[in-house]
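Chemist: Chain by chain, the residues run as shown.
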Amino acid sequence: MMMATAKQPKSILKKSSYPATSATSSKTKEERDREVALYHANLIQQRKEIELEILLSTETLIDYPLAGPPYDASNPSPADAKTFKELLRPFLPSNYDELIVERNINDRCGYTLCPNPRQKDGGGGRYRILGMNGKAKDFKVVEREELEKWCSPECARRTLYVRVQLSETAAWEREAGESAVNIDLLDEPKATEASITEDLQKLDLQTESTTSKKDAADLALERGDKAQAARNAIFDVKIQEKDISKPAQAPSLEDKDISDRLDTLHLTLEGHTSSFGSRREKRHKEALDGANVEDDHTDEDSEEDTDWQI
Amino acid sequence: MSTGDEDRVRKQREAGERESAKLWRAWRTVHEMVQDRGYELSEEEVKISFEDFKNKFTSDDGSVSRKTMTFSARPTDEMWKRYANPVTANDPNPASPDIGTIWVEFLAESSVGIKQMRAFAQFLTANNYHTGILITNTNITPAALKIIPAVASETRIECFTEADLLVNITHHELVPKHVLLSKVERTALLQRYRLKDTQLPRIQLGDPVARYLGLRRGQVVKIIRKSETAGRYASYRLCV
Ligand SMILES: [Zn+2]
Chain A
1 MMMATAKQPK
11 SILKKSSYPA
21 TSATSSKTKE
31 ERDREVALYH
41 ANLIQQRKEI
51 ELEILLSTET
61 LIDYPLAGPP
71 YDASNPSPAD
81 AKTFKELLRP
91 FLPSNYDELI
101 VERNINDRCG
111 YTLCPNPRQK
121 DGGGGRYRIL
131 GMNGKAKDFK
141 VVEREELEKW
151 CSPECARRTL
161 YVRVQLSETA
171 AWEREAGESA
181 VNIDLLDEPK
191 ATEASITEDL
201 QKLDLQTEST
211 TSKKDAADLA
221 LERGDKAQAA
231 RNAIFDVKIQ
241 EKDISKPAQA
251 PSLEDKDISD
261 RLDTLHLTLE
271 GHTSSFGSRR
281 EKRHKEALDG
291 ANVEDDHTDE
301 DSEEDTDWQI
Chain B
1 MSTGDEDRVR
11 KQREAGERES
21 AKLWRAWRTV
31 HEMVQDRGYE
41 LSEEEVKISF
51 EDFKNKFTSD
61 DGSVSRKTMT
71 FSARPTDEMW
81 KRYANPVTAN
91 DPNPASPDIG
101 TIWVEFLAES
111 SVGIKQMRAF
121 AQFLTANNYH
131 TGILITNTNI
141 TPAALKIIPA
151 VASETRIECF
161 TEADLLVNIT
171 HHELVPKHVL
181 LSKVERTALL
191 QRYRLKDTQL
201 PRIQLGDPVA
211 RYLGLRRGQV
221 VKIIRKSETA
231 GRYASYRLCV
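Chains A and B, in that order, give the protein sequences.
So in full-length UniProt numbering, the last one in the first sequence is 310, and the numbering has no gaps at all.
So in full-length UniProt numbering, the last one in the second sequence is 240, and the numbering has no gaps at all.
The shape of chain A in the complex, shown without the other chains (with noise of 0.2 Å):
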C-alpha cells in the first residue's frame, strides 16, 4: 500500500491534451476536428459543383455553335467564340475528350464550333492512309475512328489547339494565384467594322474599376465557383463602376487641342494614356494645398497605397 501511494504506476496511454498545442489555442480539439471536418466537407462540395458544372456545360456544348451562316469553324460567331471560351475554364483536358465523344455521338463534328456533321466514310479497314499527292513529311496512316471524329483535318487541328492550352489541374485544386487560363482559337472571329468599334468602346471602359472586376470573374471563372466567392464572405469587395457616357472615339492626330495634351503625349501608349501617374500627381498637389500636412515627407507608401485601395 505504501508503494502504491508512492509511485503512481507509469500510464502506458498517451496523455489526452496536448499542453502545447492548448496553450497556444484557446479552441479545444473538438473544436479544431470539427473546423477541419467543416474544411473538408467544403472541399468536396466544392468539387461536386465544379463537375456538375461541367457537366452542365458539356451538355450545352453538344449543340453548338447556335449562330448559322456566315459563321464557320473558320469564323465562329463572336457570341459563340465568347461562351465556347468561358464554359471551357474549369476543364481538364480529359473533360473536353469527353465533349469530343459527345458530339460526335450526336453525329456533329468534334470541334465545338464548327456546325459540320463529322466525317463518316462508311469503309471497312481500321487504317487510312493521308497525304499520298503531297511531299513525304504529309503523309501519314491513321486510325479510321480518330479520323471519323470531325469533318476536316483543318477541325482536328482547332480542337487540338484548344485541347493543349488546357489546365491539367483540376478547377477544385487551382492555386487562387494561378491566372486565368484565356483561351485562344486558332480561328478567331473574324474582325468586321461593328465589332472593332465594340472593341474600341471597351477599350476606354477599361478603367481600374472594371479591370479588377474582370480580374475578379476571371479568377472566379477559373477557379469554376462562381458562387464560391459570394458564399465564403472573407472579403466584401464593393465595386463602384464609373459612369461613363461619352461614346469610344478612336484617336485622331488632326485633334484641335493637340496641344494640351502634348505634355502627356509622350505617356501614350497606342492612344491610351495611363491616368495612374497623373492623379497620383494631382492628388499630391491637393494634400499639399491643403496644407494639413505636418511634415514635408508625406508617406509617398500610403499615399500609392490609396491608389489601389477600393
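Be aware that one or more of the hints could be misleading.
[As the list claims (entries may be wrong)] Below, in silico cross-link-like pairs of lysine to aspartate or glutamate (EDC-like), each with a Cα-Cα straight-line distance of 20 Å or less: (1) A/K120 with B/E109; (2) B/K177 with B/D164; (3) B/K115 with A/D107; (4) B/K146 with A/E51; (5) B/K146 with A/D97; (6) B/K11 with B/D61; (7) B/K54 with B/D98; (8) A/K149 with B/E109; (9) A/K120 with A/E173; (10) B/K146 with A/E49; (11) B/K81 with B/E185; (12) B/K146 with A/E59; (13) B/K115 with A/D63; (14) B/K115 with A/E59; (15) B/K115 with A/D97; (16) B/K115 with A/E53; (17) A/K48 with B/E17; (18) B/K115 with B/E154; (19) B/K146 with A/E53; (20) A/K48 with A/E168; (21) B/K81 with B/D98; (22) B/K146 with A/D63; (23) B/K115 with A/E51; (24) A/K29 with A/E49.
[Stated by the list, open to error] Stretches of chain B that chain A covers, calculated by requiring three or more beta carbons in the stretch to come under 8 Å of a beta carbon on chain A: (25) 104 to 115; (26) 140 to 153.
No lab work stands behind these hints, which were simulated from the structure alone.
Using N, Cα and C, we set each Cβ at its ideal position, and we do this for glycine too.
Once you've looked at the hints, dock chain B with the ligand against the given chain A.
Modeler: Chain B with the ligand alone, transformed into the frame defined by chain A:
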C-alpha cells in the same frame, strides 16, 4: 439460287436467331430481377417462351425491335412493408418508403451519351416513375453516367448491358441466396448482437448481386449458405 446465296441467307437467318435468343434471355432475366426485388409481375410475364417473345417483339424486317421492349411494374404490398420506415418514439410519423413504380427499357441506340441519358431521365420524371432501368447493348459514356447522380433527387436510374443479363447470376449454384432485411429486421439484428452497422462485413454497391437486388447504401442483406456439415447458415452484410 446458287448454293453460295443459300449459304449466305442461312447464315443471316442464324445470326438473326442468335440475336433474338440473346434479347429473350435478357428480357427473362430482367423480369426475374424485377420480381425478385418485390415488384408485381405475373408468372406469364416472367416465364415467356422464346416463341411468344418473338411473336410479340419481332418487327416487319424480321428482327426483334428493342424499341418495343419496355415494361413497368408496381411494388407489391410485401415490398412496401420491407421498405417501410418503422414507427419509433422519436419518429411517430415516418416518411413513406422510398420506392414506387419501376420502368424498364431496352435502348436500340448504338452509342449512349449525355443526350440519351438525359432523355431517359426526363421520361421517368415526366411519367412519375420512381426508378428506371436502362438496358443498352453498348457501354455508356463516362459523361452520361454522371447524369445519374445529378438527377438522383428526381428519379433513380440503374443501367445494365444486355451482356450483364444473359444469365441470371443469382441462379448460379455458387451464388448464395441474398435476402434484403427490412428496417425493423435490421434494427433487431443489430440490437441482438449489440453491433453497430459498420461492424458488419460489407457488400459493395457495385457487386453484381447488389446491383441485381438494387441495394442501397446502409441496407443489410442476409446471406444464406448451404453447408454439408452445418446445414444452412446465415451471415449478414452491410451495403456500402
Ligand atoms: Zn468541323
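Chemist: Run every hint past the structure and note whether it holds.
Modeler: Here is what the structure says about each hint:
no. : hint               : in the structure
1   : A/K120 with B/E109 : holds, 17 Å
2   : B/K177 with B/D164 : holds, 19 Å
3   : B/K115 with A/D107 : holds, 12 Å
4   : B/K146 with A/E51  : holds, 9 Å
5   : B/K146 with A/D97  : holds, 15 Å
6   : B/K11 with B/D61   : holds, 16 Å
7   : B/K54 with B/D98   : violated, 36 Å
8   : A/K149 with B/E109 : holds, 18 Å
9   : A/K120 with A/E173 : violated, 39 Å
10  : B/K146 with A/E49  : holds, 12 Å
11  : B/K81 with B/E185  : holds, 11 Å
12  : B/K146 with A/E59  : holds, 11 Å
13  : B/K115 with A/D63  : holds, 10 Å
14  : B/K115 with A/E59  : holds, 8 Å
15  : B/K115 with A/D97  : holds, 16 Å
16  : B/K115 with A/E53  : holds, 16 Å
17  : A/K48 with B/E17   : violated, 46 Å
18  : B/K115 with B/E154 : holds, 17 Å
19  : B/K146 with A/E53  : holds, 11 Å
20  : A/K48 with A/E168  : holds, 18 Å
21  : B/K81 with B/D98   : holds, 11 Å
22  : B/K146 with A/D63  : holds, 18 Å
23  : B/K115 with A/E51  : holds, 17 Å
24  : A/K29 with A/E49   : violated, 30 Å
25  : 104 to 115         : holds (count 5)
26  : 140 to 153         : holds (count 7)
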